[in-house]
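As a plain string of letters, each chain reads:
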Amino acid sequence: MKCPKCGNENQSDAVFCDQCGQRLAQPVTPLPEAVSADQPTAQAGTCTRCGGVNTPGELFCGECGAPLEGPAPEAAAVAAAPAVMQPVVEPVALACPRCGAQAEPDDAFCAKCGAALAAASTTETGQPTATVNEQTAEPAPAEPSVAPAPVLSPEASQSLGEPEAAPSAPSECPSCGAHVAPEDAFCDFCGAALVGPAAATVTSSAPAASSATPAKAETGMPPAQPADLTATAAVTAPTPVGPHLFVPDSGATIALLGPGEVLVGREDPFSNTFPDVDLTPHGGEAGGVSRRHFKITVGEGQFAIQDLNSTNATWLNRTRLQPGLPVALHDGDEIRAGKVKLVFRAG
Amino acid sequence: MANELNLTVTLNKPSVPVTSTQQLIYLLIETKPNEVISRTRMPMNLGFVLDRSGSMKGDKIKRLKEAMSLAIGRLRPDDRVSVTIFNDSARVVARNDTLARQSGLEDQIRRLQAGGGTQMSRGMSLGLREVYRQFNEGWANQVILLTDGQTYGDEAQCLKLAKEAGEHHIAIQALGLGDEWNEALLDQVGSLSGGDSDLIESADEVVPLFTQTVERSQQAVVRDAAMTLRLVSDVTPRQVWQVTPVIANLGYAPIGEHDVQVELGELDAEQGKSLLVELVLPPRQAGRFRIAQAQLGYDLPLEHTSDVSGRSDIVVDYVTDPALVRTYDPTLMNIVEKVTAFKLQTRALEEAQQGNIIGATQKLRAAATRLLELGEDDLARAANQEADNLEQAGQMSSGGTKKLRYQTRKLTQEL
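Quick note, the sequences are listed as chains A and B, same order.
Quick note on my numbering: the first sequence kicks off at 1 and runs consecutively.
Quick note on my numbering: the second sequence kicks off at 1 and runs consecutively.
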């Protein structure tokens, strides 16, 4: 931003000229009108004394020095989670999870951007993909616009308090999906906590999905118990008639009532979100399930799944779904919403 | 991983609201030497360069003699010391030698007489040569320069010498006495040489400030310290302030896609240094996020080693519950207020110099309000007085300008 007074070129978000201190005419991010009352916005920091515009969170006016009321959040709020992050998560081996640059197999850090490369990469990328269905043929969504993770609700953060020693660290960030080294406490890319309340609850690895896929456990996860899914389902719950979701971790089954669209997510009365299928009892909260995570369209013997721009993405047979793009769903397909694994059964 | 220095990070609030806009957060980063380091003192190779021009007559030269005796009393027998005096010519009255062998030193100081003009570069040149003769990498090689006036026609030479001193790792601590000296010149002499500059308001203050300066030099046991802040994506630094020992805008240099480095220079054995970092945070959804990691690299000349501290994670909780956001750290609030007063004052002086009388006056009044809130009545009065001077006479007084300039940066010292 060019200073109107002295012509000095300042950073685009500068409020005052670095050179002469002139206030720079700046449309400081206007507060959106109140949309929903559940998310407070920091006060925009307009000085009540001189009208100077300050960054939210600032304690004193940059112009006149008057104290700004930092603490009190205004009623103005945001409804939709701002999509700020563009994590690059690609199931392509040997590429930097952050910048996508090609990496050598032995590299611990990306030569281009310096990001830590998942050293022990027996993650999705390393999995044999022999048995996955035709969806894998589709190119992986390159940069799904994904907002950072609500891995932790305020309630959860309060109740859980101190981070617990995580028995196993995730190999990918539950928030943005970037690959992380097993010993990292925080995601290198988005900074989300990988251990502690936010991530300590990494669910024990599900026996991999489709009966045909004897997939290896993910890094850091306990070894998968091979299980005959159908059998388990039969034992633990009355086998529902019609399409349903099977939760390998708990053995529960969730009927999908069609025809039409079935919204899967996490119930949140606070924001008035009541999905058809609530994954909260199935580890949805800790597993990073968005309130509106994905939907399944139930038709005449045909099914489709569509990610609803969820924070932690939806994975179909270990391929990340592009948000908003419906993809055919088949019996036995493995669905992962954040960290919660599900198996789709057509009938 | 060494533990000579402890790094502690405090946030002005541990949790921030989930917002759709960017927001600012303040970090207080304190570097504190451990107990062993805090007791060590640097061996000194100290050169005094003292102004004895005519204007020093009377009280000033009397106090200077007292101050010299006291300062020398702080040195150890094997510290090296030299004394150079100048007016319009310069003379070495005590050649560089260990204090134990400087038998005639007290006598020389007692015999100091004020008189003549001021040509500071001559004193600097001889004094620096004395220190350089016994230069030792592992010691504190310093010049303490005291003047009470303007130097005549040799400013450029003074700056050249200061720069050379810096290149040879001899820091000049420049002290200005009274209100007639050239602060722009002394500031530059200090910073070019890797030292500092300070104001001694009146003759009465010569003694304490002089001894403080000597002590500070002895305590500079950590050198070439630099802090690396590794920021996660979308987090950007706005400003980096040093808050102790004195307030200063440190600035930062990007050293990688996400890393910025802040040069800290020397660290004091007892106090260390603390920084106030203003970071602009991106919108995030609720959850716990690391926003940055801080790490410190430094040299310990006494041990002939370089080391790095552990990495400190700086973590913020984004919350949707406003009740959780309201926890503010009072210490940090106070520091931010002091830095704000300093910032307003600095901008006022800059604007006054550029001829923006109205802007400068407003800033001075604003600074006065902040100073008053902080209980700094004396400084608040000075700021208001200078605002009056600007309005009435169109310019600030030399003494008031110096007082504001050198004392607002010490606001954090009463902590």
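Keep in mind the hints are simulated off the structure, nothing from the lab.
Note that CB positions come from ideal geometry on N, CA and C, so glycine has one too.
Treat the hints with care, as some may be off.
Computed spacing ranges between beta-carbons, pair by pair [unchecked claim]:
1) A:THR46 <-> B:ARG311: 18 to 26 Å
2) B:GLU263 <-> A:GLY251: 36 to 44 Å
3) B:ASN34 <-> A:GLY324: 49 to 57 Å
4) B:SER38 <-> A:GLU9: 51 to 59 Å
5) B:THR10 <-> A:THR46: 45 to 53 Å
6) A:ASP276 <-> B:ASN6: 33 to 41 Å
7) B:GLU137 <-> A:ASN8: 54 to 62 Å
8) B:GLN108 <-> A:ARG49: 54 to 62 Å
9) A:ASN8 <-> B:GLU303: 39 to 47 Å
#### Entry: Cβ separation of B:GLU263 and A:GLY251, checked against the hinted range 36 to 44 Å
violated (60 Å)
### Query
Between B:THR10 and A:THR46, does the C-beta distance stay in 45 to 53 Å?
violated (27 Å)
### Assessment of proposed distance window 33 to 41 Å (beta carbons of A:ASP276, B:ASN6)
54 Å Cβ-Cβ, so the 33 to 41 Å window is violated.
### Assessment of proposed distance window 49 to 57 Å (beta carbons of B:ASN34, A:GLY324)
At 55 Å between Cβs, range holds.
### Message
Does the beta carbon distance between B:GLU137 and A:ASN8 stay inside 54 to 62 Å, or does it fall outside?
### Response
violated (40 Å)
### Task
Look at the Cβ atoms of A:THR46 and B:ARG311 and judge whether their distance stays inside 18 to 26 Å.
violated (37 Å)
### Query
Quick one: are B:SER38 and A:GLU9 within 51 to 59 Å, going by C-beta?
violated (44 Å)
### Message
Quick check on a hinted range of 54 to 62 Å for B:GLN108 and A:ARG49, using CB atoms only.
### Response
Since B:GLN108 and A:ARG49 have Cβ atoms about 58 Å apart, the given range 54 to 62 Å holds.
### Range agreement (Cβ of B:GLU303 with Cβ of A:ASN8, hint 39 to 47 Å)
holds (44 Å)
Taken one by one, the earlier hints fail for this structure at numbers 1, 2, 4, 5, 6 and 7, listed in ascending order.
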